[in-house]
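Chains as they are written, first to last, in the working numbering: chain A, 1 to 283; chain B, 1 to 241; chain C, 1 to 233.
Hints in this document: simulated from the structure, not taken from any laboratory.
Treat the hints with care, as some may be off.
[What the hints assert, rightly or not] Here are some chain A residues the structure puts well away from chain C; computed CB gaps all over 12 Å: (1) P91; (2) H164; (3) R178; (4) G186; (5) F208; (6) R211; (7) H238; (8) V254; (9) E256; (10) A277.
[What the hints assert, rightly or not] Label-pair distances were calculated between CB atoms; the ranges are: (11) A:G124 <-> C:L23: 27 to 37 Å; (12) B:A225 <-> C:R57: 30 to 40 Å; (13) C:R57 <-> A:D168: 55 to 65 Å; (14) C:L72 <-> B:S165: 40 to 50 Å; (15) C:N219 <-> B:S71: 50 to 60 Å; (16) C:D19 <-> A:Q266: 44 to 54 Å; (17) A:A57 <-> C:L12: 27 to 37 Å; (18) C:T158 <-> A:A49: 39 to 49 Å; (19) C:N219 <-> A:R75: 34 to 44 Å; (20) C:S215 <-> A:D130: 37 to 47 Å; (21) B:D194 <-> C:A169: 55 to 65 Å; (22) B:A103 <-> C:E129: 14 to 24 Å; (23) C:S215 <-> A:A98: 44 to 54 Å; (24) C:T158 <-> B:E180: 38 to 48 Å.
Every value quoted in this text rests on a predicted model; they were computed, and no experiment measured them.
A virtual CB, placed ideally from N, CA and C, is assigned to each residue, including glycine.
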Amino acid sequence: MVGVGRALASVGSLLVLWLLLLGAAPLAAETPFLTVASTTSTEDSGLLADLLPRFRAVSGIEVRVVAVGTGQALRVARAGDADLLLVHDRPSEEAFVAEGYGIERVSVMANDFVVVGPTTDPAGIRGMGDVAQAFARIAEHEAIFVSRGDDSGTHKAELRQWRHAGIDPTPASGTWYRELGRGMGGTLNTAAAMQAYSLADRGTWLAFLNRAGLDLLVEGDPRLQNPYSAIVVDPERHPHVKAALAQRLVDWLVSEPGQAAIGAFQVGGERLFVPRAELAPGP
Amino acid sequence: MTAGASILPLVARGLVYQVGGDRLLGPIDFELEGSGRTIVLGPNGAGKSLLLRLAHGLLAPSSGTLEWRTSDAAELRRRQAMVFDRAVLLRRSARANVEYALALHGSRGAERRARAAHVLERTGLARIGDRAARALSAGEQQRLALARAWALRPEVLFLDEPTASLDPAAARRVEELIVEIGSSGTAIVMTTHDLALARRIGDEVLFLHLGLLKERAPAADFFAAPGTPEAQAFQRGELTW
Amino acid sequence: MNELSQAFSTALTLLVGLDSGLLEIVGLSLRVSGTALLLASVVGLPIGAALAVYRFRGRGAAVVALNALMGLPPVVVGLLVYLVLSREGPLASLALLFTPSAMVIAQFVLITPIVAALSRQVVADLWSEYEEQLRSLGATPGRALPTLLWDGRHSLLTTVLAGFGRAVAEVGAVIIVGGNIAHVTRVMTTAIQLETRKGDLALALALGIVLLFLSLLINAGVSLLTRATERRA
Numbered sequence: 001m002v003g004v005g006r007a008l009a010s011v012g013s014l015l016v017l018w019l020l021l022l023g024a025a026p027l028a029a030e031t032p033f034l035t036v037a038s039t040t041s042t043e044d045s046g047l048l049a050d051l052l053p054r055f056r057a058v059s060g061i062e063v064r065v066v067a068v069g070t071g072q073a074l075r076v077a078r079a080g081d082a083d084l085l086l087v088h089d090r091p092s093e094e095a096f097v098a099e100g101y102g103i104e105r106v107s108v109m110a111n112d113f114v115v116v117g118p119t120t121d122p123a124g125i126r127g128m129g130d131v132a133q134a135f136a137r138i139a140e141h142e143a144i145f146v147s148r149g150d151d152s153g154t155h156k157a158e159l160r161q162w163r164h165a166g167i168d169p170t171p172a173s174g175t176w177y178r179e180l181g182r183g184m185g186g187t188l189n190t191a192a193a194m195q196a197y198s199l200a201d202r203g204t205w206l207a208f209l210n211r212a213g214l215d216l217l218v219e220g221d222p223r224l225q226n227p228y229s230a231i232v233v234d235p236e237r238h239p240h241v242k243a244a245l246a247q248r249l250v251d252w253l254v255s256e257p258g259q260a261a262i263g264a265f266q267v268g269g270e271r272l273f274v275p276r277a278e279l280a281p282g283p
Numbered sequence: 001m002t003a004g005a006s007i008l009p010l011v012a013r014g015l016v017y018q019v020g021g022d023r024l025l026g027p028i029d030f031e032l033e034g035s036g037r038t039i040v041l042g043p044n045g046a047g048k049s050l051l052l053r054l055a056h057g058l059l060a061p062s063s064g065t066l067e068w069r070t071s072d073a074a075e076l077r078r079r080q081a082m083v084f085d086r087a088v089l090l091r092r093s094a095r096a097n098v099e100y101a102l103a104l105h106g107s108r109g110a111e112r113r114a115r116a117a118h119v120l121e122r123t124g125l126a127r128i129g130d131r132a133a134r135a136l137s138a139g140e141q142q143r144l145a146l147a148r149a150w151a152l153r154p155e156v157l158f159l160d161e162p163t164a165s166l167d168p169a170a171a172r173r174v175e176e177l178i179v180e181i182g183s184s185g186t187a188i189v190m191t192t193h194d195l196a197l198a199r200r201i202g203d204e205v206l207f208l209h210l211g212l213l214k215e216r217a218p219a220a221d222f223f224a225a226p227g228t229p230e231a232q233a234f235q236r237g238e239l240t241w
Numbered sequence: 001m002n003e004l005s006q007a008f009s010t011a012l013t014l015l016v017g018l019d020s021g022l023l024e025i026v027g028l029s030l031r032v033s034g035t036a037l038l039l040a041s042v043v044g045l046p047i048g049a050a051l052a053v054y055r056f057r058g059r060g061a062a063v064v065a066l067n068a069l070m071g072l073p074p075v076v077v078g079l080l081v082y083l084v085l086s087r088e089g090p091l092a093s094l095a096l097l098f099t100p101s102a103m104v105i106a107q108f109v110l111i112t113p114i115v116a117a118l119s120r121q122v123v124a125d126l127w128s129e130y131e132e133q134l135r136s137l138g139a140t141p142g143r144a145l146p147t148l149l150w151d152g153r154h155s156l157l158t159t160v161l162a163g164f165g166r167a168v169a170e171v172g173a174v175i176i177v178g179g180n181i182a183h184v185t186r187v188m189t190t191a192i193q194l195e196t197r198k199g200d201l202a203l204a205l206a207l208g209i210v211l212l213f214l215s216l217l218i219n220a221g222v223s224l225l226t227r228a229t230e231r232r233a
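Produce the entire structure from the sequences given, and follow the hints as far as they go.
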């Protein structure tokens, strides 16, 4: 008995030691890298995991992505803790540049938002072409709607739709309108659990695996377009920022191979992002 | 015996110990010459353990004085040792416990090992020197505590109820050891509830009652003809506090 | 429930197949939490022991404060360390944000109070048992400190394991200061959070099972080691 115990202990400690050493394998210090502050929805769509290795193969530059909420991404970039900002919230982006933190907004791609909800669709919005009307129906029926409630790009887009519908859902917060303060994935998890409506970016929706009775109900309204911009953090503001490396990434993203890769990216057989070249002039 | 000047006698004048508003001991006056074996007797709560701890320096008097021949604290620490009613031993071997104490007193290397081996031999513990001290029997542990104290060659050895938690056989062996240590030149100051033990080995008796020194006499005289009514009642077993 | 059975089979596949992605994040988890624990022990054990043994004015208040610090939410620790390490913070020049070193620092801040507070209790209990005898032998509190730490080594090991458990299981601190960057600062807990966010609950659970299994291995190993040395001591 003791022998078995001793053997287990030795095997266990060897395993742990091995794992420790594995983790200790250092990344080549010579590889240049830059830090990109982006949003959770961007990361969760899987696009970056697809794009960035291609960029690395071409340029030899490693890209480290810190994926947080839009608000936090902006804060990180403002502080100079990142070299490049990649978000999808135009007013914030414009303010960022206007305040001198970024050089310029470069349009890269767009995806769109979709309205998801329970398959049973109690508010009866399935297939509607006008998202404002769909939202109005939801409010009318007082059907449960979960909002990200976290001041993210998606959240602000959602609030815009309520404004277009002429409705202020916040007095109803806590009843049929639930503000979660969470990322897209968490919000969708909650929507699935509560059988609620929500606004999601198509990317996260397609990659989301816990659908459990949720369906895509409304799509295609031009108001649901969600454009992304890349902004290099201004080195005049933060001298240590790797502006040159960041600029190379931006250049690649809008170049032909970059745009082609964006357009070719699919989830579940569907294209997720529209490269900027194909974008209709809009927001 | 350790080389160097003696720290005796110990002189107490107006010694008082109190906690909060409660006076637990004193005022007491005495002089301890330290020639032989002094037994401190008394019922529960008489202050025997307190007196020992005050004398040994583990407690500070609330008022009054307690003075040895020297005031050098380091010297005082080196020339005294104490054994408690339950042996307090470290989680290591018996031998290591003795060597730990010797190391604290500045003994090094071969000298330390030799001294430790010697006292373990004299106390009959050589055979189990490498066993975990805490795994020994109560009797063996107490003998080990004595060995540890003896290794330091103290001039004064305080013992607070050393046989209280032992069976008669173990108590007997401890008693023999105490006598042997005393014979090698160490002054013994011991409290006990065991009157038979006190009769057998005591040279002198200090009798305490309710925190005061009621009687002091050679042991033979104390047991033959106690002077105070309290001492008489105590020896009859009628003084419970 | 279906997720649960799927999770178990996924966990098994990952473990048996020694999936390289898994090994990478497990290795980093162990490295970050292990290093933090080492530092926390070096700092926390002596502090705890000193608080147990030295008497000084305000000691009571210090103990209360230390015990309270055990309840520091990981996310709060993460935020504080983040603010310090950020480019706009005092230690910006160290360029540690979004690196494993930042994670080690955050976890160190998080678990040192635990190690200190728990070891204080262990040493205090030992000191109350040993104090008279050790002082009789001439040991000052300072001299007694290493003796107490050594004598209490088995209980203190449990303390250290508690710290490790806390470190390896937390996500709030490491995700803020580390950024959960793939191949750089992604550890088990941040990976679990990511997969949960993406809705891949089965994979998230599987990683959780792996984490639990690892914890079990470590605790079992330590327990057997302790048992073996105890017999010899």
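Going down the list of hints, with the structure as the test:
Residue-level check passed: A:P91 sits 23 Å from the nearest beta carbon of chain C, beyond 12 Å. For A:H164, the shortest C-beta to C-beta distance to chain C comes to about 28 Å, beyond the 12 Å cut-off, and the non-interface label holds. Taking the minimum C-beta to C-beta distance to chain C, about 18 Å, the non-interface status of A:R178 holds against the 12 Å cut. The claim that A:G186 is not at the interface with chain C is violated, since a C-beta of that chain comes within 12 Å of its own (minimum 6 Å).
Listed as outside the interface, A:F208 is inconsistent with that label: its C-beta sits roughly 4 Å from the nearest C-beta of chain C, within the 12 Å cut-off. Listed as outside the interface, A:R211 is inconsistent with that label: its C-beta sits roughly 8 Å from the nearest C-beta of chain C, within the 12 Å cut-off. Look at A:H238: its CB is around 6 Å from the nearest CB on chain C, not clear of 12 Å, so calling it non-interface is violated. Distance check on A:V254: its Cβ is at least 24 Å (rounded) from any Cβ of chain C, clearing the 12 Å threshold; non-interface status holds.
Every Cβ of chain C is farther than 12 Å from the Cβ of A:E256; the closest lies at roughly 26 Å, confirming the non-interface assignment. At roughly 28 Å, the least C-beta separation between A:A277 and chain C is larger than 12 Å, which holds for a residue marked as non-interface. Checked against the hint of 27 to 37 Å, the C-beta distance between A:G124 and C:L23 comes to roughly 50 Å, which is inconsistent with it. Distance hint check: the CB atoms of B:A225 and C:R57 are about 54 Å apart, inconsistent with the given range 30 to 40 Å.
The hinted window of 55 to 65 Å between C:R57 and A:D168 holds, with their beta carbons roughly 58 Å apart. The hint said 40 to 50 Å for the Cβ distance between C:L72 and B:S165, and at roughly 45 Å that hint holds. Between C:N219 and B:S71 the C-beta distance comes to about 54 Å, which sits within the given range of 50 to 60 Å. Checked against the given bound of 44 to 54 Å, the beta carbons of C:D19 and A:Q266, roughly 25 Å apart, lie outside it.
Take A:A57 and C:L12: their Cβ atoms lie about 34 Å apart, and the range 27 to 37 Å holds. A beta carbon spacing of about 41 Å between C:T158 and A:A49 agrees with the range 39 to 49 Å that was offered as a hint. The hint said 34 to 44 Å for the Cβ distance between C:N219 and A:R75, and at roughly 39 Å that hint holds. For the hinted restraint 37 to 47 Å between C:S215 and A:D130, the CB-CB distance of approximately 53 Å leaves it violated.
As the Cβ distance of B:D194 to C:A169 is approximately 57 Å, the hint placing it in 55 to 65 Å holds. Between B:A103 and C:E129 the Cβ separation comes to about 20 Å, which falls inside the hinted range of 14 to 24 Å. Distance hint for C:S215 and A:A98: a CB-CB separation of about 50 Å, consistent with the stated range 44 to 54 Å. Distance hint check for C:T158 and B:E180: the Cβ-Cβ separation is about 43 Å, which falls inside the suggested range of 38 to 48 Å.
Against the hints set out earlier in the document, violations occur for numbers 4, 5, 6, 7, 11, 12, 16 and 20.
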